[in-house]
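Peer 1: Respectively, the protein sequence lines represent chains A, B, C, D, E and F. Heads up: the first sequence runs through residues 1 to 252, numbered per full-length UniProt numbering. Heads up: the second sequence runs through residues 1 to 252, numbered per full-length UniProt numbering. Heads up: the third sequence runs through residues 1 to 252, numbered per full-length UniProt numbering. Heads up: the fourth sequence runs through residues 1 to 252, numbered per full-length UniProt numbering. Heads up: the fifth sequence runs through residues 1 to 252, numbered per full-length UniProt numbering. Heads up: the sixth sequence runs through residues 1 to 252, numbered per full-length UniProt numbering.
Any given hint might turn out to be false.
Each pair may be met inside one copy or between any two copies, as identical chains are not told apart.
Claimed, not checked - The calculated lysine to aspartate or glutamate pairs, modelled on EDC-like cross-linking and capped at a C-alpha distance of 20 Å, are:
1. LYS71 <-> GLU242
2. LYS211 <-> GLU124
3. LYS97 <-> GLU199
4. LYS211 <-> GLU20
5. LYS71 <-> GLU46
6. LYS67 <-> ASP195
7. LYS183 <-> GLU197
8. LYS95 <-> ASP154
9. LYS71 <-> GLU199
10. LYS237 <-> GLU222
11. LYS171 <-> ASP195
12. LYS211 <-> GLU199
13. LYS248 <-> GLU227
Hints listed in this document are in silico derivations from the structure and should not be mistaken for laboratory results.
The residues making up each chain are set out below.
6 protein chains.
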Amino acid sequence: MTLYNIENFEYRGTWMRPSERTANQIRPVTFTRNYTMHAEGSVLVEFGNTKVLCTATVEAGVPRFMKGQGKGWITAEYGMLPRSTHTRNNREAAKGKQGGRTMEIQRLIARALRAAVDLKALGENTITIDCDVLQADGGTRTASISGACVALVDALTNMRAKGMINNNPLKFMIAAISVGVYKGQAISDLEYLEDSEAETDMNVIMTETGKLIEVQGTAEGEPFSFEELDELLGLAKHSIREIIDIQKQALA
Amino acid sequence: MTLYNIENFEYRGTWMRPSERTANQIRPVTFTRNYTMHAEGSVLVEFGNTKVLCTATVEAGVPRFMKGQGKGWITAEYGMLPRSTHTRNNREAAKGKQGGRTMEIQRLIARALRAAVDLKALGENTITIDCDVLQADGGTRTASISGACVALVDALTNMRAKGMINNNPLKFMIAAISVGVYKGQAISDLEYLEDSEAETDMNVIMTETGKLIEVQGTAEGEPFSFEELDELLGLAKHSIREIIDIQKQALA
Amino acid sequence: MTLYNIENFEYRGTWMRPSERTANQIRPVTFTRNYTMHAEGSVLVEFGNTKVLCTATVEAGVPRFMKGQGKGWITAEYGMLPRSTHTRNNREAAKGKQGGRTMEIQRLIARALRAAVDLKALGENTITIDCDVLQADGGTRTASISGACVALVDALTNMRAKGMINNNPLKFMIAAISVGVYKGQAISDLEYLEDSEAETDMNVIMTETGKLIEVQGTAEGEPFSFEELDELLGLAKHSIREIIDIQKQALA
Amino acid sequence: MTLYNIENFEYRGTWMRPSERTANQIRPVTFTRNYTMHAEGSVLVEFGNTKVLCTATVEAGVPRFMKGQGKGWITAEYGMLPRSTHTRNNREAAKGKQGGRTMEIQRLIARALRAAVDLKALGENTITIDCDVLQADGGTRTASISGACVALVDALTNMRAKGMINNNPLKFMIAAISVGVYKGQAISDLEYLEDSEAETDMNVIMTETGKLIEVQGTAEGEPFSFEELDELLGLAKHSIREIIDIQKQALA
Amino acid sequence: MTLYNIENFEYRGTWMRPSERTANQIRPVTFTRNYTMHAEGSVLVEFGNTKVLCTATVEAGVPRFMKGQGKGWITAEYGMLPRSTHTRNNREAAKGKQGGRTMEIQRLIARALRAAVDLKALGENTITIDCDVLQADGGTRTASISGACVALVDALTNMRAKGMINNNPLKFMIAAISVGVYKGQAISDLEYLEDSEAETDMNVIMTETGKLIEVQGTAEGEPFSFEELDELLGLAKHSIREIIDIQKQALA
Amino acid sequence: MTLYNIENFEYRGTWMRPSERTANQIRPVTFTRNYTMHAEGSVLVEFGNTKVLCTATVEAGVPRFMKGQGKGWITAEYGMLPRSTHTRNNREAAKGKQGGRTMEIQRLIARALRAAVDLKALGENTITIDCDVLQADGGTRTASISGACVALVDALTNMRAKGMINNNPLKFMIAAISVGVYKGQAISDLEYLEDSEAETDMNVIMTETGKLIEVQGTAEGEPFSFEELDELLGLAKHSIREIIDIQKQALA
């Protein structure tokens with residue numbers, strides 16, 4: 001049985017995305033390494049107009065609950081600059097707390113990266129990923145994860161150069177994409193205009209080995225069928241493969 | 001093509017769950033309505049030893065951002081009593097903030113219930129769902145959603161009795177289940193001991209019409225394959241059907 | 001001189017409480033032990049429709065300010081589920097702070113229980129009492145204290161079984177009651193309807209040996225006389241004796 | 001029956017308080033009016049070395065929950081300057097929250113003053129009492145209440161002068177005293193050294209008409225008997241009468 | 001008398017700044033307009049390695065305390081990305097409050113810009129300036145002010161294009177520079193290495209008309225003399241003139 | 001060249017300050033030592049109607065970031081009593097955070113005092129300065145600094161008496177004054193009425209040796225010229241000399 005392949009797409013009549021892209025066409029994706037100078041890994045990731053600065057900070061030691069286990073830790077924080085969006089959002093630092101969406105996204109980023117790393121091989125060190133959205137146009141969480149993985153690779157290289165670790169703790173590259181059902185059609189890499197009207201929204205994180213790290217699908221309007229889920233997963237698999245190729249070129 | 005059917009399960013050798021249940025066997029599920037006396041809907045939901053008190057509160061009016069649209073709103077809050085768990089968790093009210101996990105769960109509950117309701121038919125009224133975990137043994141978020149749906153039905157009935165609404169805004173019942181891969185085998189309705197060692201953890205919310213509201217699958221250890229995802233979805237579909245039957249009996 | 005005896009009551013004409021109880025009649029009081037399964041002590045206390053879940057958690061060690069004194073510590077936290085009341089109260093965890101009433105009550109609970117225990121005999125261990133109101137109908141703080149004492153006894157038994165302590169640190173059982181002046185008449189164990197219109201409201205905590213732990217009397221409307229205070233204390237003494245009997249039966 | 005009279009005291013042998021005062025002797029009490037220049041009422045109250053600045057601020061309007069009832073409101077806030085005590089306490093503004101003790105005291109002050117005022121006669125105006133402890137030596141809450149009452153009288157006079165009210169809303173003067181059992185002997189107006197070793201601590205608020213507004217007695221060490229309570233109340237009655245005389249002289 | 005002119009500098013022997021710049025030589029300064037796409041004004045300002053994204057957001061209406069005065073308002077917020085610095089700073093949104101330094105800087109930015117604008121001519125509109133430091137190497141507050149002024153000009157042009165205002169409310173351009181005494185020598189535009197060892201640190205904000213908006217000089221080590229102050233002000237005047245020229249070129 | 005001397009003042013026509021003082025005339029300044037009894041240094045400073053209680057608390061040990069350097073630390077906190085001002089300000093402890101102005105002032109006070117002390121000679125001890133404004137009439141921050149210096153001297157004397165330090169760590173006395181341009185004329189020690197209408201506001205902190213610790217000048221309305229700055233600094237120098245004389249008399 002061939003599951004979730006791009007061949008499964010069925011185009012339902014003549015149709016044009018607001019972005020004028022084909023259903024499975026992602027936006028131009030770029031990873032600019034060493035975007036800032038202080039962090040052990042610093043990558044500006046762009047998915048079209050979505051731009052996120054991902055930095056990886058290496059610190060010796062682990063949080064208290066991890067001490068003495070001989071293992072490392074990876075954590076993540078996410079933020080949007082107040083005017084990264086169409087209208088200004090209140091600054092979370094000024095409000096005095098991070099919102100639920102922020103918490104949810106940073107937990108997702110951290111969990112995904114921990115799944116990609118052998119924490120034993122990391123030793124008792126902590127890597128903190130910061131994903132700060134400079135400009136938002138849909139897909140900030142999936143861009144963040146894809147960019148954070150590149151920043152993580154750079155930070156691990158830096159750790160090896162300094163002799164903090166001997167082996168590469170990275171088990172595999174990971175990348176993420178948002179897919180969704182828009183006017184009844186499964187499409188990949190939704191930008192804001194598409195995302196805000198999608199019936200179903202799904203974020204998928206996969207490894208370079210073609211396995212799944214996380215699947216989060218939500219019916220924004222009507223519930224979705226297993227067939228639609230199938231199509232979306234096929235699209236995601238296809239797009240993530242493209243992104244991982246671009247990550248590898250950036251790291252080459 | 002038959003997708004995600006329980007027939008897809010493949011049992012991998014002789015094997016016993018810690019709970020001594022079969023792979024697709026859910027725990028005893030009960031819904032006790034009118035568990036407390038003040039709320040418009042009040043349901044104690046039990047999935048085995050997991051016990052959650054779900055109340056639905058009806059209030060006239062909507063939050064500011066919804067005003068003047070002629071639509072209602074559904075929101076949700078989730079909390080665990082400090083000693084609902086094996087070891088005591090700090091009380092969030094005393095810490096002064098809700099943690100990321102709490103935020104994530106209450107956003108999920110609210111989103112799922114909004115998907116089940118025609119907000120236009122609700123009028124400019126707000127329903128607040130409170131899910132408070134009295135005792136936890138795995139699956140608190142899926143039990144919460146399943147119980148909240150029953151409390152919501154009672155609250156809507158109450159609103160009709162009071163003349164606040166004329167038609168039933170409920171589009172369909174919803175229920176949720178957690179499924180996971182434990183020692184290589186897909187199993188349904190994980191209890192704490194199983195959950196804490198599962199390789200993959202997935203929460204699925206479905207409608208009584210067999211469609212999907214939310215799918216959240218996470219690789220806790222190794223990444224999972226599309227085949228495993230397929231099995232998990234089949235299991236979830238099967239279990240949710242059982243839970244919806246029990247909900248309906250409770251409401252009969 | 002016989003002070004504060006039930007014989008002092010003076011009935012002022014024919015008269016009926018909203019609750020249809022006699023002036024010194026308390027509501028049905030029950031203590032359900034082992035109500036939840038994780039805590040070292042877990043008691044559902046019911047004073048009529050007022051229902052509070054009291055758990056006692058045992059942890060080795062004491063807070064920093066107590067270290068090295070060879071003594072234990074008892075602390076308490078109190079909360080109301082948002083819809084335990086007629087109209088929904090905002091969740092304190094969501095508001096980001098506990099209100100003054102909550103703070104006042106949890107300080108009272110902790111102080112009362114510490115007075116009942118020989119902290120030396122407790123060793124450097126901490127017992128945390130959580131009182132969570134599932135349903136409120138007046139008298140939640142006095143029900144909490146009465147229930148917490150039973151949960152505390154169970155927790156101390158558990159500690160002895162585990163060898164954490166050798167002797168019983170409990171000096172005496174304690175219980176509490178609310179009494180008040182309602183339409184000029186002293187009455188015991190006020191429920192919500194009575195409490196909200198009482199002129200004077202008093203909470204009394206006593207030991208099984210007939211001594212006082214705490215007396216808190218407040219003029220809600222008109223100031224009260226020493227004669228009324230006298231009557232109220234007599235009533236309280238009488239009712240607490242009844243509650244301590246019920247506690248002992250529950251523990252038998 | 002003569003209840004709670006100073007004649008009831010029984011001196012148990014030759015005995016000296018640390019303060020070298022007799023059992024029923026209060027410290028020198030003074031009220032300095034117009035201590036600061038901006039507030040409508042501003043009183044420095046001194047009970048020996050305990051010094052509290054009490055200001056009363058008049059503002060037109062009432063909090064939202066009181067609107068449209070044609071009644072006024074009185075609220076209170078309490079604070080200790082960080083170094084008003086033997087060792088420095090952390091500043092609550094810097095900690096980001098008021099502690100439980102602070103909350104408890106400011107609720108007590110406000111409740112007591114509201115009991116002394118006809119809120120109808122106050123009109124839809126709010127009086128905010130601020131009690132800030134400049135120097136602490138025991139009894140700050142009872143000094144605060146006694147001083148706040150004087151500041152309140154000045155604020156009400158100010159309101160009448162401005163034509164905000166026509167009649168005097170004050171029903172009666174109130175004052176407060178702390179009494180306690182120290183080495184087995186009931187004593188009045190405990191200073192810090194006495195207070196920190198008292199077995200029982202009681203705060204009593206009374207009206208000039210000899211009635212009770214609030215009684216709060218706490219067993220700090222051993223529980224106390226009804227006889228001890230009787231003695232303490234008698235002492236309190238005696239001392240409050242003295243304080244009210246001094247208030248009246250200050251206002252004359 | 002010629003006050004504060006660059007001619008006043010006195011070079012004290014042969015000497016080299018860590019930055020290998022001459023005493024009055026500022027770093028390369030650039031203003032990249034339209035750096036992000038959503039804000040009405042968006043400028044990336046670079047002072048050497050210090051990079052700050054300054055956005056200006058226009059919103060109709062003013063804060064409550066300004067309502068009905070027919071005047072506009074300008075406010076500012078400042079933040080550093082956690083890894084904009086050598087070692088990672090905790091994210092203020094996660095800590096739940098902005099630090100004193102952040103507050104101080106954002107108050108300074110807002111005050112300076114308000115001084116440059118005729119608030120009457122702005123109408124009842126609010127401009128919010130966000131200065132987010134992407135990379136820090138000394139002088140982030142003065143770079144922020146200099147960049148914010150350019151973003152403000154773009155926002156005002158945008159308002160006129162939309163017909164929100166008729167006249168240009170800008171009274172004059174402003175710019176800022178940090179000057180300091182390093183090893184006894186007054187130098188301009190300190191970078192981190194210089195700043196961290198400076199004896200005196202001064203931030204100066206001036207108008208294009210050569211007047212002062214703000215002077216903030218601080219003795220970090222030894223107090224400074226009036227002569228040193230004189231030298232520093234002369235340097236600042238000279239450097240600000242250069243920066244205003246670059247601003248004008250960027251806006252041409 | 002004579003810089004910043006009082007001789008530089010130029011009186012621009014016949015003119016009267018609201019305070020009926022001459023341009024360089026400060027208000028009556030007094031320092032009352034030992035104003036409260038617990039603190040190691042306790043000074044009530046009065047600049048006319050501005051009254052601030054400054055206490056200095058000595059504690060062994062230093063904050064974590066200073067440990068092991070063999071140096072001491074000085075920190076400061078500032079607060080205004082809610083009704084120290086014309087209209088009541090919300091209590092910062094109740095709001096749950098200190099405002100930007102408070103933060104800015106307390107940072108300034110601490111920085112100034114640290115500049116006056118040889119932290120090595122202080123040993124690993126911490127001095128905490130609390131400046132609490134009892135009554136405000138302009139110039140609270142400069143009064144705070146001037147009073148805090150006297151309290152600091154008393155605290156250091158106390159430390160020497162106790163043998164905590166051997167030498168006097170004070171390098172020089174410091175004092176502060178606010179100066180400003182009011183209706184085109186430079187004036188010293190502005191009271192509230194003058195301050196609220198000043199075009200330029202400047203706070204200056206100087207040593208008894210005539211050197212500068214901090215200069216903070218702000219254009220409240222129109223920008224100011226270098227000539228005005230010159231005049232203001234001359235005034236400040238003159239007034240600070242007077243204040244330091246009064247400090248010395250108080251300490252004599």
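Peer 1: Evaluate each hint against the coordinates.
Peer 2: Structure-based check of all given hints:
For the identical chains of this complex, LYS71 and GLU242 are neighbours neither inside a copy (32 Å) nor across copies (42 Å), given an alpha-carbon limit of 20 Å. Proximity of LYS211 and GLU124 under a CA criterion of 20 Å is satisfied in neither setting, with 28 Å inside one chain copy and 45 Å between copies. Taking the shortest alpha-carbon separations for LYS97 and GLU199, neither the intra-copy value of 30 Å nor the inter-copy value of 32 Å comes in at or below 20 Å. For the homomeric pair LYS211 and GLU20, neither the shortest alpha-carbon distance inside one copy (30 Å) nor that between copies (30 Å) is at most 20 Å.
Taking the shortest Cα distances, LYS71 and GLU46 never come within 20 Å of each other, neither inside one copy (32 Å) nor across copies (37 Å). Within a single copy, LYS67 and ASP195 get their C-alpha atoms no closer than 42 Å, and across copies no closer than 23 Å, so neither meets the 20 Å cut-off. For the identical chains of this complex, LYS183 and GLU197 are intra-copy neighbours only, at 8 Å inside a copy versus 40 Å across copies, given an alpha-carbon limit of 20 Å. When the C-alpha separation of LYS95 and ASP154 is checked against a cutoff of 20 Å, the pair qualifies neither within a copy, at 34 Å, nor between copies, at 27 Å.
For a Cα distance limit of 20 Å, the shortest separation of LYS71 from GLU199 across copies, 19 Å, qualifies, whereas the shortest one inside one copy, 42 Å, does not. For the identical chains of this complex, LYS237 and GLU222 are inter-copy neighbours only, at 18 Å across copies versus 24 Å inside a copy, given an alpha-carbon limit of 20 Å. Proximity of LYS171 to ASP195 under the C-alpha cut-off of 20 Å is found in neither arrangement, the shortest distances being 32 Å within a copy and 24 Å between copies. Taking the closest pair of Cα atoms, LYS211 and GLU199 come within 20 Å of each other only across two copies (13 Å); inside a single copy the shortest separation is 26 Å, beyond that limit.
In this assembly of identical chains, the alpha carbons of LYS248 and GLU227 never lie at most 20 Å apart, being 32 Å within a copy and 27 Å across copies at closest.
This entry does not satisfy hints 1, 2, 3, 4, 5, 6, 8, 11, 13, going by the numbered hints stated previously.
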